[in-house]
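**Student:** Next come the chains, spelled out residue by residue.
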Amino acid sequence: MSVGADSKSLKNLLQGQSQLSASPLDRVNQLRTNAVNQVNILNLPTKHDEDWRFTDISPLTKISFQPVREASPLKNSDVEHFYLTEAVTRLVFIDGIYAPHLSTQIAEPFKKSGVVVSSLAAASSENLAAIESHLGYHTELQDNIFAALNTSFLHEGALIIVPRNISVETPIHLLFIATQKEVSSHPRCLLIAEPNSRVTVIEDYVTLREETYITNTVAEFALADSAHVDHVRIQRDSKEAFHIANCSVSLAQKSNYQSVSIAFGARISRYNLNVLLKGEGAECTADGLALISNRQLADTHACIDHIKPHCTSHQLHKCIIDDAAHAVFNGKIIVRPDAQLTNSTQSNRNLLLTSKARIDTKPQLEIFADDVKCAHGATIGQLDNEEIFYLKSRGLSEVTARDLLTYAFGAEVIERIPVASLKLRLEQVVHKQTQRD
Amino acid sequence: MGAVLQNLINKPYEHGFVTDIESDVAPKGLNEDTIRLISSKKNEPEWLLDFRLKAYQKWLTMEEPEWSNVRYPKIDFQAISYYSSPKPKKKLASMDEVDPELLRTFEKLGVPMSERAALAGVAVDVIFDSVSVATTYKKKLAEVGIIFGSFTEAVHSHPDLIKKYLGSVVPVGDNYYAALNSAVFTDGSFCYIPKGVKCPMDLSTYFRINTEESGQFERTLIIAEEGSSVSYLEGCTAPRFDTNQLHAAVVELVAMDNADIKYSTVQNWYAGDENGIGGIYNFVTKRGLAKGKNSRISWTQVETGSAITWKYPSCVLQGDNSVGEFYSVAVTNNYQQADTGTKMIHIGKNTRSTIVSKGISAGHSNNSYRGLVRIAPTAAGARNFSQCDSMLIGDLCSASTFPYIQTRNNSAKVEHEASTSKIGEDQLFYFAQRGIGSEEAVSMIINGFCKDVFQQLPMEFAVEATNLLGLKLEGSVG
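Chains as they are written, first to last, in this note's numbering: chain A, 44 to 480; chain B, 351 to 828.
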């Protein structure tokens, strides 16, 4: 791929950036300027870059994407099937633009105690200090052109602040709806969990039409001492779309981050999850499931970085790959010199359903401390013939037995989602997809 | 525990000495003339010179690889002498005629060749720097039709075989160092096992790097015809020097139907001093082609030396039902760096591979496993099992694993697991409770950790390997 193609496509992706109005927040303007500079320096990654070796994003350069000019006029009835019964607090973004008429406010008692769930642009002055000290600090823009691109368009975005000692019982639903063709959207999330707070966040990417568009997200999660965050991330974009996501999590002492990430959609999707265990005794669980078919490509790059001692991390990533789909997994665990008594496990399990399905996996360990417990494993295979035989001996047909086992393989991850209605809904999707006709 | 380990770790290199033999050294630098000089010195036929020049042209277009997890100052390829051969050069028929100085060198190493050859029944093709000086047991091998000798000799006596197989497994442009080797290789070993022959003894070569600042570019080619089998041993020691020496060898194995090649290495080149000064750069390309049905290629390596090791003995499993194996122990200490592992390329149906890698790092060293398991769409029913364990001694060293797994066939089954551990206080306490001192306990734990690999080594090598680990880490291993 020539350099010319790169710069052209980048220009395309930066289209409309200069028309953005200046933000009332100085920090945002400053981040944007810096990010535009980065975008101009960086090249679009190719298969020659180690991090993108198996994920060819050159199809992205063939299409001209623009930020949405006019928001689609959606009514509640158009999108209410995406709503979750448990999640009474909801922020809705249509093609990246905040839709206040579809969103719901946080319940009054929480609002009084200082919980903030709002658009970044609508943040009130008392939250400025918190935003200034976190926004853009957790995501590295160097060598990450997509994060830089997202930051260039930083404008609205989801802001969640949970103050000290507050536990928000009901999950917060961040719903990102794509509606238009050849549109680029750059959703941004910032979650600040103050000491000893607790919250569940659902980041949900959906579409109303099977179109080609690009969603390029950045999420930053900052957990202070003893904070607990459950994070569910569902990517069910159009099967023609591109979905690039960066999520950076920073964990202070004894904080706990539990996440489940599900990828069903997108023609090409890439999820970068970076977790920094910065305080002693922090815990992290990062599970994932990719269920893909046809010519889809789902790429997950996770980096769990143990900086301080006594931290724990567990990761289970599963892929079910049908037709000529292609899954990529790269899981890196770093244990820094100081991080003694780290306990870290990682497991990547892959199920190939057809002879054209493809998987490239690389579970990686980089260890610089001696008193640690680290293990990783990767398996690739098909359904166990003995398990199928067992079910057949119980009177199930071959097809039913296979469906059941495939479903069970994926359901192990879905089961870890702490929101019942969402779990049920996703189980149905997995069930439907794993049913052979 | 700290003090004991410190003592164990700081054992000086015992094989550091320079043998005083006059060398015929080519001027430093690399260009077409150097290659022509090497070729003419060795009276090579035209086609081999062409092979070298082609490789050189290819090398010029390539870039030094930088992806590995090792750091070193840039190598000046023009500051290396590409040819050195010890004098006198007259052909020797028996051990008695070998230069006594050379024999003394082997005695210092603790492997007197005569005794070793007699006791162990091992034919040793002695490579001293780059020219083969003496070959033993040749007659006995010739009786069953086995050709085993120096590469240079084979170029003249069996040009057809060399022409057919040279570069067939590792093409000249395979990688930067393989291209360099193809251009300037000086000598090496050649081994041909005819159809249906089981090699009656383990074949062995002793490599030694001797002249200061002379790069060593060995070339090994082993061909096992249908139904044959061979076990090949390679052991390495080198004297102490303060300038880094480059070693870029190429080893090619070819196994036909039902053939079996077992290749074992013990590598204990000079690793540099405790401050990381000096030591060998070991950039080796080793690859076996399991060409025939039911063929088997097995690599076993014990890597304890070299300042930098960059080595990935690989198997291309082309024949149906062929088997590839890789057993490795890599020990790094002080400022040593090792980036080693294997590649298993499954092409044929029902091909199987096993990878067992044990890495031990101590001091400030850096030990990485880098491996690739690739299942091609044609490799129905392929099976791989990989296990990579690391042990860290002290908190200044590091261990990394970079396993690449690429699968294009859904009937394949691939498993990979890796773990990291240390020698626990509780383990040492348990030994102490049974009356076993910490030094002995450490050696037992480490030997237990490496047992799966040592079991794969031929008997006499297994003893040597255990001793080497002793030298490196433990002091005295029973």
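Certain hints may be false.
As the list claims (entries may be wrong) - Okay, derived cross-link-like pairs now, DSS-like style, lysine-lysine, Cα gap no bigger than 25 Å in a straight line: (1) A:Lys399 with B:Lys699; (2) B:Lys391 with B:Lys378; (3) B:Lys404 with B:Lys378; (4) A:Lys90 with B:Lys408; (5) B:Lys404 with B:Lys391; (6) A:Lys90 with B:Lys643; (7) B:Lys489 with B:Lys545; (8) A:Lys224 with A:Lys154; (9) B:Lys514 with A:Lys375; (10) B:Lys513 with B:Lys545; (11) B:Lys545 with B:Lys408; (12) B:Lys699 with A:Lys416; (13) B:Lys391 with A:Lys416; (14) B:Lys408 with A:Lys375; (15) A:Lys297 with A:Lys105; (16) B:Lys801 with B:Lys693; (17) A:Lys399 with B:Lys693; (18) A:Lys375 with B:Lys693; (19) A:Lys435 with A:Lys475; (20) B:Lys514 with A:Lys399; (21) A:Lys90 with A:Lys375; (22) A:Lys321 with B:Lys693; (23) B:Lys643 with B:Lys545; (24) B:Lys404 with B:Lys392; (25) A:Lys435 with B:Lys489.
To be verified - Which residues of chain A face chain B? A few of them, derived with a C-beta cut under 8 Å, are: (26) Lys405; (27) Pro406; (28) Gly420; (29) Thr422.
Because the hints were derived from the structure by calculation, they are not lab data.
Predicted model only: the values in this text are computed from it and were never measured.
Cβ coordinates follow ideal geometry from the N, Cα and C atoms, glycine included.
**Student:** Given the hinted pair Lys404 (chain B) and Lys392 (chain B), is their Cα-Cα distance within 25 Å?
**Tutor:** holds, 18 Å
**Student:** Given the hinted pair Lys399 (chain A) and Lys693 (chain B), is their alpha-carbon gap at most 25 Å?
**Tutor:** Between Lys399 (chain A) and Lys693 (chain B) the Cα gap is close to 22 Å, so the pair holds against 25 Å.
**Student:** For the pair supplied as a hint, Lys435 (chain A) and Lys475 (chain A), is the alpha-carbon distance within the 25 Å limit?
**Tutor:** holds, 21 Å
**Student:** Does Lys405 (chain A) pass the interface hint, meaning its C-beta sits closer than 8 Å to a C-beta of chain B?
**Tutor:** holds, 5 Å
**Student:** Check whether the Cα positions of Lys404 (chain B) and Lys391 (chain B) lie no farther apart than 25 Å.
**Tutor:** holds, 19 Å
**Student:** Holds or violated: are the alpha carbons of Lys489 (chain B) and Lys545 (chain B) at most 25 Å from each other?
**Tutor:** holds, 19 Å
**Student:** Are Gly420 (chain A) and chain B close enough, Cβ to Cβ, to be under 8 Å, as the hint says?
**Tutor:** holds, 4 Å
**Student:** If you draw a straight line from the CA of Lys643 (chain B) to the CA of Lys545 (chain B), is it 25 Å or shorter?
**Tutor:** holds, 14 Å
**Student:** Hey, Lys321 (chain A) versus Lys693 (chain B), does the alpha-carbon distance stay inside 25 Å?
**Tutor:** At roughly 36 Å apart (the allowed maximum being 25 Å), Lys693 (chain B) and Lys321 (chain A) break the hint.
**Student:** Can the restraint linking Lys391 (chain B) and Lys416 (chain A) be considered satisfied, given a maximum Cα separation of 25 Å?
**Tutor:** violated, 56 Å
**Student:** Min Cβ distance, Pro406 (chain A) to chain B: is it shorter than 8 Å?
**Tutor:** This interface hint holds because 6 Å falls under the 8 Å limit.
**Student:** Would the pair Lys513 (chain B) and Lys545 (chain B) pass a check requiring their Cα atoms to be no farther apart than 25 Å?
**Tutor:** With Cα atoms ~19 Å apart, Lys513 (chain B) and Lys545 (chain B) stay inside 25 Å; holds.
Checked against the numbered hints above, the structure breaks hints 6, 8, 9, 11, 12, 13, 14, 15, 20, 22, 25 and satisfies the rest.
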